[in-house]
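K.L.:
Sequence:
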Amino acid sequence: MKAVVQERYGSPDEVLQLREIDKPVPKDDEVLVGVRAASMHPDIWHAVTGLPYILRIMGMGLRKPKVRIPGTDLAGHVESLGKNVTRFKVGDEVFGESSLRLFGFGDTYAEYATVPQDALALKPRNVSFEQAAVVPTSGSVALLSLGLAGTLNADKHVLINGAGGCVGSIAIQIAKAKGARVTGIDCTEKLAMMRLLGADHVIDYRKENFLVRSELYDFILDVATTLSFVDCKRVLTPTGLYWATGHGNYGVGAGGKLFGHGMLPFGMFARIPFDKQLPKINLKPPSKQDTFTALQALLESGKLAPIIAKTFPLSEVPTAIRCLQEGRTPGRIIITP
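For the sequence shown, the numbering used here assigns the number 1135 to the initial residue and increments by one for each residue that follows.
To be clear, the hints were calculated from the coordinates, so they are not data collected in a lab.
One should not assume that every hint holds.
[To be verified] Restraint ranges, calculated between C-beta atoms of paired labels, are given here:
| hint | residue 1 | residue 2 | range |
| --- | --- | --- | --- |
| 1 | I1415 | G1313 | 17 to 25 Å |
| 2 | K1367 | I1415 | 12 to 20 Å |
| 3 | G1313 | N1416 | 18 to 26 Å |
| 4 | T1322 | R1456 | 20 to 28 Å |
| 5 | G1401 | E1141 | 28 to 36 Å |
| 6 | T1453 | R1368 | 40 to 48 Å |
| 7 | P1447 | A1311 | 30 to 38 Å |
| 8 | G1225 | E1349 | 49 to 57 Å |
| 9 | K1223 | F1408 | 45 to 53 Å |
[Said to hold, decoys possible] Subject to a maximum C-alpha distance of 20 Å in a straight line, what follows is the list of computed SDA-like cross-link-like pairs (lysine to any residue):
| hint | residue 1 | residue 2 |
| --- | --- | --- |
| 10 | K1312 | A1288 |
| 11 | K1290 | L1278 |
| 12 | K1198 | L1392 |
| 13 | K1157 | S1449 |
| 14 | K1310 | S1435 |
| 15 | K1414 | T1373 |
| 16 | K1367 | D1409 |
| 17 | K1198 | W1179 |
| 18 | K1310 | L1330 |
| 19 | K1200 | L1234 |
| 20 | K1290 | R1368 |
| 21 | K1367 | V1346 |
| 22 | K1444 | T1322 |
| 23 | K1136 | P1452 |
| 24 | K1136 | T1248 |
| 25 | K1444 | S1262 |
| 26 | K1198 | R1142 |
| 27 | K1200 | V1149 |
| 28 | K1136 | E1154 |
| 29 | K1367 | L1282 |
| 30 | K1312 | A1283 |
| 31 | K1290 | G1332 |
| 32 | K1161 | T1220 |
| 33 | K1198 | I1155 |
| 34 | K1290 | L1350 |
| 35 | K1223 | H1211 |
| 36 | K1161 | G1216 |
| 37 | K1161 | R1221 |
| 38 | K1290 | R1315 |
| 39 | K1200 | Q1151 |
| 40 | K1418 | L1278 |
This structure is a prediction, so every number in the text was calculated from the model and none was measured.
We put the CB at the ideal spot given by N, CA and C, even for glycine.
When you get a sec, could you build the whole thing from the sequences and use the hints?
P.N.:
If you want it as structure tokens, here you go:
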């Protein structure tokens, strides 16, 4: 089969190669998926470059990648089953992630991938493979982050910073599906899409500072990780909450090559016990099976419409990563074998 392979960390143009390799064989609890689409998100940049270095210590591989094939999200059809698989049959159309781990690092930029059965869900018929591949990681982040806000309804006002990216665009739709009012912040090129997805108000961060508005928010979701929690407290309601999730500046950030932008979440986690405007988190989050089942229902109901920015073939993955870094395209970049 054809696959994108990396043997070392470095620039995508230098370390990624399209090769012919053996088709993988599923383990007892795994499914062999014929990949029809895979998505490109910031985790891929980290996995290819090995930055920031803290991620290598967290399991990515110290000197070289533990997983030779990048890519975590996929959609496709079931080719074969491990002997213990009971949730799927050959021919099923599925979507999901390549690993049950919280941080999965690869295997989907290929014609075939082996996936644990509990990291998959059936693809709804009303969405394409490309649309389904958008959802696993970004949808999980959006769903779990908004879950920290408590009950969302028409009385709640949610602010999403970075609302034009993939996580942000999904978060708009989930928050609206729950009945909340939504204000989204992003660049000029993405405002029209944000309105189309249901955002009640949109802000161009280049032209307007939301901190000087008279609005107060019940929940601020900082996907772009460019806001200051201290500043945001000024525009939170007395019971309002702030949460940051995202990668910001592709691992360079305030923590340099060691921590990258990870310094922000580390600092935020340290403050949680002492600040009532940071949500209390569940140290045992929902399983991927439960999360993907919830996303499946949103897709099937039409309440979640994934946005595809561009599509690239396997041979152009380095180009796709450069496009990702530019950050100008709304939605998610898709890779197709």
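K.L.:
Would you mind marking each hint as holding or not holding in the structure?
P.N.:
Status of the hints after comparison with the structure:
1. I1415 / G1313: 17 to 25 Å: holds (24 Å)
2. K1367 / I1415: 12 to 20 Å: holds (19 Å)
3. G1313 / N1416: 18 to 26 Å: holds (23 Å)
4. T1322 / R1456: 20 to 28 Å: Between T1322 and R1456, where Cβ atoms are some 21 Å apart, the hint holds.
5. G1401 / E1141: 28 to 36 Å: 35 Å Cβ-Cβ, so the 28 to 36 Å window holds.
6. T1453 / R1368: 40 to 48 Å: Holds - the Cβ-Cβ distance for T1453 and R1368, about 42 Å, lies within 40 to 48 Å.
7. P1447 / A1311: 30 to 38 Å: This hint holds: roughly 34 Å between Cβ atoms.
8. G1225 / E1349: 49 to 57 Å: 50 Å Cβ-Cβ, so the 49 to 57 Å window holds.
9. K1223 / F1408: 45 to 53 Å: holds (51 Å)
10. K1312 / A1288: Satisfied, since the Cα-Cα distance of roughly 8 Å is no more than 20 Å.
11. K1290 / L1278: holds (17 Å)
12. K1198 / L1392: holds (16 Å)
13. K1157 / S1449: Status holds; Cα separation ~18 Å.
14. K1310 / S1435: holds (14 Å)
15. K1414 / T1373: holds (13 Å)
16. K1367 / D1409: Distance ~11 Å between K1367 and D1409 Cα, so the pair holds.
17. K1198 / W1179: Measuring from Cα to Cα gives roughly 14 Å; hence the hint holds.
18. K1310 / L1330: holds (12 Å)
19. K1200 / L1234: Within the cut-off at roughly 16 Å; holds.
20. K1290 / R1368: At roughly 17 Å apart (the allowed maximum being 20 Å), R1368 and K1290 satisfy the hint.
21. K1367 / V1346: holds (13 Å)
22. K1444 / T1322: holds (18 Å)
23. K1136 / P1452: Roughly 16 Å between the alpha carbons, so the hint for K1136 and P1452 holds.
24. K1136 / T1248: Since the Cα atoms of K1136 and T1248 sit roughly 14 Å apart, the hinted pair holds (cutoff 20 Å).
25. K1444 / S1262: Status holds; Cα separation ~14 Å.
26. K1198 / R1142: Satisfied, since the Cα-Cα distance of roughly 5 Å is no more than 20 Å.
27. K1200 / V1149: Status holds; Cα separation ~14 Å.
28. K1136 / E1154: holds (5 Å)
29. K1367 / L1282: holds (17 Å)
30. K1312 / A1283: Holds: K1312 and A1283 sit about 12 Å apart, inside 20 Å.
31. K1290 / G1332: holds (15 Å)
32. K1161 / T1220: Cα-Cα ~13 Å, so holds.
33. K1198 / I1155: holds (19 Å)
34. K1290 / L1350: holds (10 Å)
35. K1223 / H1211: Holds: K1223 and H1211 sit about 10 Å apart, inside 20 Å.
36. K1161 / G1216: Holds, at roughly 5 Å.
37. K1161 / R1221: holds (15 Å)
38. K1290 / R1315: Given pair K1290, R1315 holds - Cα atoms ~6 Å apart, limit 20 Å.
39. K1200 / Q1151: Roughly 16 Å separates the two Cα atoms, so the pair holds.
40. K1418 / L1278: OK: K1418 and L1278 at ~12 Å, within 20 Å.
Of the hints listed earlier, there is not a single one the structure fails to meet.
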